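Peer 1: Line order of the protein sequences matches chains G and B. FYI, in the working numbering the residues of the first sequence are 1047 to 1188. FYI, in the working numbering the residues of the second sequence are 53 to 207.
Keep in mind that the hints were calculated from the coordinates and are not lab data. The structure displayed is predicted, hence computed values, not measured ones. Treat the hints loosely; a few may be bogus.
As the list claims (entries may be wrong) - Taking CB as the label site, the calculated pair distances span:
| hint | chain 1 | residue 1 | chain 2 | residue 2 | range |
| --- | --- | --- | --- | --- | --- |
| 1 | G | ALA1049 | B | PHE173 | 21 to 29 Å |
| 2 | G | ILE1171 | B | MET53 | 33 to 41 Å |
| 3 | G | PRO1054 | B | LEU138 | 31 to 39 Å |
| 4 | G | ALA1175 | B | ILE55 | 34 to 42 Å |
| 5 | G | PHE1097 | B | ALA120 | 42 to 50 Å |
| 6 | B | PRO204 | G | LEU1164 | 14 to 22 Å |
| 7 | G | PRO1051 | B | ALA120 | 42 to 50 Å |
| 8 | G | LEU1059 | B | ARG133 | 26 to 34 Å |
| 9 | G | ALA1175 | B | SER195 | 21 to 29 Å |
Glycine included, each C-beta is placed from N, C-alpha and C at the ideal position.
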Amino acid sequence: MIATPFTPMASFLGGALIGLAAVLLMWATGRIAGVSGIAARLFPPYEDREFAGRLAFVAGLVAAPILARFVSGSLPVQTIAAGTPVLIVAGLLTGFGAVWGSGCTSGHGVCGLSRLSLRSLVATITFMAAGIATVFMVRHWG
Amino acid sequence: MAILIQFAIGLVFGIGLIVSGMSNPAKVLNFLDVGGIPAGTWDASLAFVMAGAVAVTFIGFSRVLKLARPFFADRFYVPARKDIDLRIVVGPAIFGIGWGLAGFCPGPALTALGFGSASAFIFVAAMCAGMVLARFIGQLPSSAHFVTPADPLET
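I would like the entire structure built from these sequences, with the hints used as guidance.
Peer 2: Structure follows, in structure tokens:
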């Protein structure tokens, strides 16, 4: 594993920006800023006419590191330790599970908890527990 | 105009992911690694991400939802379901395993595309396949026998 520094201030500030984006999206479109739902609905079947807006939101997500590089002069640190087979399995599970459970860290974790939704609380506790258990097994049962 | 605003909102979200450290899978995995607490390798930062995000969203939502309607839409699309079904546990359990394996959840994975690494593209391609599969299975008529339908207003 690669050690990472404890960054409470930057993390809180970044979290506040994520929250700001969620509030702005609710103000602008009246919808929950749930990335899994937004990304999944870029694919058919199409149930509404929000495709262009969803694509624009995702384009903004993708453009963020490019803007960060332009502003700060270098890309932020990103370390992806997983190899290709793990990335494929993890990607499939992440995409399937997030859609099956109607949300991910943003839709349930950020927006759902902020709405005091019991369903989102159950979802958040479950994916946190599953994530913790998975990392524990990978790193400490060898 | 609405499209441009949504691009800008995505950009703010993505910058938040980068500033907070969520865009770095190594940091996410070190947060999930509570087994690293005795060795001092546990990175508690992501708890602060959640705290910052929920604090702003909690206050912001309560104000925005008092408005008559959103700026670019006719009404608010806020989920109303309160029941706990099997899906709301099974889905997040599967998602959590994927999250713990690679350290990517959907938002940071999409932002990772902008870093230009091949790993991010592989993960996002598989993630999209998983999303399409979940929607496909969920909409099969035979699925109605063993699962409740998803709430379209949830994400």
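Peer 1: Would you mind marking each hint as holding or not holding in the structure?
Peer 2: Cross-check of the supplied hints:
1. G/ALA1049 / B/PHE173: 21 to 29 Å: holds (27 Å)
2. G/ILE1171 / B/MET53: 33 to 41 Å: holds (39 Å)
3. G/PRO1054 / B/LEU138: 31 to 39 Å: holds (37 Å)
4. G/ALA1175 / B/ILE55: 34 to 42 Å: Given range 34 to 42 Å: holds, Cβ gap about 38 Å.
5. G/PHE1097 / B/ALA120: 42 to 50 Å: Given range 42 to 50 Å: violated, Cβ gap about 26 Å.
6. B/PRO204 / G/LEU1164: 14 to 22 Å: holds (19 Å)
7. G/PRO1051 / B/ALA120: 42 to 50 Å: holds (46 Å)
8. G/LEU1059 / B/ARG133: 26 to 34 Å: holds (33 Å)
9. G/ALA1175 / B/SER195: 21 to 29 Å: With Cβ atoms ~26 Å apart, the hint holds.
Violated hint: 5 only; the structure is consistent with all others.
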